[in-house]
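Asker: Go by the hints and put chain B onto chain A.
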Amino acid sequence: MSLAASRPGETTARPAAGGPSAVTAIGVSKAFRLPHQRYSTLKERALHPFSSSTYDTLQALGDVSFDVGVGEFFGIVGRNGSGKSTLLKCLAGIYGVDSGEIRIDGRLSPFIELGVGFNPDLTARDNVMLNAIMLGLTRREARRRFDEIIEFAELQEFVDMKLKNYSSGMSVRLGFSVAIQVDADVLLVDEVLAVGDASFQRKCFDEFDRMRSERRTILFVTHDMNSVERFCDRAMLLEQGSMIALGAPDEVARGYNEVNFGQLASGGEGSELGAQLDARILKTWCENTAGERIVVAPQGETCIACIEVEFLKAIEEPLFVMSFRNEARQPIFKAHSAGQIVAGAFDAGDKATIRFSFENFLAPGRYTLTPEMAIWDPDYRLLDLRDDVAALIVEAANRSGGVADLPHRVEIERS
Amino acid sequence: MSAQPAAGRYRGPSAVGGDLHRFVNLTTTLAVSDFKLRFFGSALGYLWTLMRPLMLFGVLYLVFTEVVRFGDNVKNYPVYLLAAIVLFTFYGETSTRGVTSLVERENLLRKIRFPRLVIPLAVTLHSMFNLGLNLIVVFAFVLASGISPRVSWLELIPLVALLVVFATGTAMLLSALYVRYRDMQPIWEVVLQILFYASPVIYVTSALPDSIEREAMANPLTAILTQMRHALIDPSAPTAADAIGGGVRLLIPLAIVAVTFALGTWVFMREAPRIAENL
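Read top to bottom, the protein sequences are chains A and B. So for the first sequence, my numbering puts the first residue at 1; every next one is plus one. So for the second sequence, my numbering puts the first residue at 1001; every next one is plus one.
Excised from the complex, chain A in its bound form (with noise of 0.2 Å):
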């Protein structure tokens, strides 16, 4: 936290066409085949001789270009199965890419994941140098640097310990304090930052400070919005293995929210509460003042929630609600149609738009929707309820550690 905080505007794009650059990727492709029946024996082979040429195509990777800088912190998000691995794994050299060219200026890191090949069996002490020779260092290297990896990773007690009586942040400790002795310009690195605990992360986010200084590029593959923010200089976000969006790390990480929970913000086929519905709701959505369709909406600012619904019977007086969801599932905020309007009677075949107008003071995160209709016949009965069906995702600059972030003044008197 405090470390973002410290590096004011610098989360900024930093132009990579200003300096040299060390990783560049031009109009990148790269195709899985992917066979219907899948003739992996030979017995099957040899039986079905001319039917095995039936496959479907994957586009993991389709013409993807970008350009990253020495010296740049890069981050690569992206749904899963939207290409990220992929894309390092072809940077890498691991997997060949159909066309394009890829060029990387400088030593290349040649794993990309932590602690692989670590074998359960074997002690600390033998996985670490099994693990700093795969990684390229040689034996004597590995031997030198032996104390200075046990000791970042903290682990001094534990280095004749099996690694299969090791907890499951002390061997993607000793993976991290690994993979940091490498010498390479470049790293590509698949979900690093979901190490260890507090302490041990503060260290790994000081080791990269370290890395920026030293000036090497680092490309890197999450899921959590926040270390790109924090880390950072710039992002790319994938979708179907197509670029969708390259630049400034908070405008990449609110296009991922977006294409995350859009498709559910977008939504409005919700579950059907029962066959015989009396009416019904057709599309739950948030938009702003200025009627735009949003899910992002910033902290302070009016949002409105609107449902869009159709009357199969004639129904007078129809309640709305809609609840507003926490991740944690909790409700945070109901908003009621009753008492403050009447509606008045709708007739069978009538559509109508619900537009719930709210200051926006939730506190930063994702919300999902719930709306519902109803009416007192004589209890309340419900018409229709689709749980979930939208989503809105509240930006804001600080976090207050409340529910709700409520408008508010502070005195002090004196006495």
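Hint data in this document are derived by calculation from the structure and do not stem from the laboratory. Backbone N, C-alpha and C fix where the C-beta goes; we use that ideal spot for every residue, glycine too. Treat the hints loosely; a few may be bogus.
Some but not every residue of chain B turned toward chain A, in silico, with C-beta under 8 Å [unchecked claim]: (1) 1013; (2) 1022; (3) 1025; (4) 1029; (5) 1036; (6) 1108; (7) 1185.
Answerer: Only chain B this time, still in chain A's reference frame:
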């Protein structure tokens, strides 16, 4: 971790790579750590590695000297049996473990860029460690049965070298094929079984009917074991050249070794860049 020429990078990883030092380093490290795991992994550790050929030897020895009484007219039959089992076990172990080696190292292959050939070669090297230790037992046995050391024992060095080349070629070929065709494993088990009986392990070449002796000698394992018997155990036994009917004909088993190695290398080189994605 040398800076490879960028041109090679986007075709995928190569089989050997540009940095020989790293290549050797990796191969030995992997083989040694595998060996260590075997050695310290279980209560009896290395004994198991030794037990396998010894148990096989015990069983075969009982059957062929006490039940079938096959070895009666072969001089020093028990010693030959043990030596042949140890050499054949090396070939069998290298090739069987070679088949699945790439798939078992999937984790490394998909996450780290390193020369792909390291994996099958580490398997060969590991088997060579075992072979070395087993050969100590063989020599102890040879000396214990009253055979005195001779200069011709040195012939064992090129013979073992030839066996290593043959086993490595087989391991490279099978490991690359197994990535694509998963039934290589059961197929190879059967082939190895056939090879065991087609090679003079439980019998000696000179006991074969003359009509098939020369044909049988085309099998490199047969040629190696025959020559081993002459050089190590019984100088009066026929040499490989005698058994095949002339030194020139020895080119046949040699050619089979060479072709296996070349084919294995070629297939492996061809497959290497795509191994990671085909796993």
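Asker: Now look at each hint and say whether the structure bears it out.
Answerer: Checked hints:
no., hint, verdict
1, 1013, "holds, 6 Å"
2, 1022, "holds, 6 Å"
3, 1025, "holds, 6 Å"
4, 1029, "holds, 5 Å"
5, 1036, "holds, 7 Å"
6, 1108, "holds, 5 Å"
7, 1185, "violated, 10 Å"
In the structure shown, a violation is registered for the earlier hint numbered 7 alone.
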